[in-house]
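Protein chains in written order, with this note's numbering: chain A, 65 to 169; chain B, 20 to 137.
Source of the hints: derived by calculation from the structure; they are not laboratory data.
Beta carbons: idealized from backbone N, C-alpha and C, even for Gly.
Hints may contain errors.
Stated by the list, open to error - In silico DSS-like pairs for lysine-lysine, Cα to Cα no more than 27 Å straight-line:
id : chain 1 : residue 1 : chain 2 : residue 2
1  : A       : 108       : B       : 58
2  : A       : 102       : B       : 83
3  : B       : 63        : A       : 169
4  : B       : 63        : A       : 108
As the list claims (entries may be wrong) - If the Cβ cut is set under 7 Å, some of the chain A residues that face chain B in the computed set are:
id : residue
5  : 71
6  : 106
7  : 109
8  : 125
9  : 154
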Amino acid sequence: IQLTQSPSLLSASVGDRVTLRCKGSQNINNYLAWYQQKLGEAPKLLIYNTNSLQTGIPSRFSGSGSGTDYTLAISSLQPEDVATYFCYQYNNGYTFGAGTKLELK
Amino acid sequence: EVQLQESGPGLVKPSQSLSLTCSVTGYSITSNYWGWIRKFPGNKMEWMGYITYSGSTSYNPSLKSRISITRDTSKNQFFLQLNSITTEDTATYYCARSLTERGYFDYWGQGVMVTVSS
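Put together the whole structure using the sequences plus the hints.
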């Protein structure tokens, strides 16, 4: 399964609601996770199984979707959210999206 | 807390083998699944394979002829060996834990950058 993330680069302001998208080439059956990675750091699990929030992750992060289309939303962007976000499917094999780089406007 | 730390050479010559170690603290590798993932320059990421709590393995078919993942339970470490290295294997290599076979990785190491160059 190939994953296509959009946009590849997103500029937004503090307080904005932002939405990142991940589209699979086949049905993912909700076996989708989202990670945040800051420069030089390990990837951090944000969301698993489409919409389950990992322990310790702020509630401004949420996930949704079904079938082939999934989204990660940040309800109110904070400066510390500047990072690259990538999706990961584990329904059929294991593949990663190419990432969305989120920056402050 | 579960912590993973990769170690290994930062520079490997083409045609040689790459050997990396993942040292795990705070959790036994005789439980769950322990994987290797790499991130290429340009940010593409690739799932390489994992070793299970019982020592069985699963590999990415694209790497199957070159990869081996083993472990030393007495040291709570697992290892990656990748043979016949080329410049296309230049990447940052991560080890990580998955709670289930068909699962996501919840804890990751910081990663180790490996450059393949003569």
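Comparing the hints with the structure gives:
no. : hint         : result
1   : 108/A - 58/B : 14 Å, holds
2   : 102/A - 83/B : 31 Å, violated
3   : 63/B - 169/A : 25 Å, holds
4   : 63/B - 108/A : 16 Å, holds
5   : 71           : 14 Å, violated
6   : 106          : 4 Å, holds
7   : 109          : 5 Å, holds
8   : 125          : 15 Å, violated
9   : 154          : 5 Å, holds
Hints 2, 5, 8 from the earlier list are contradicted by this structure; the remaining hints agree with it.
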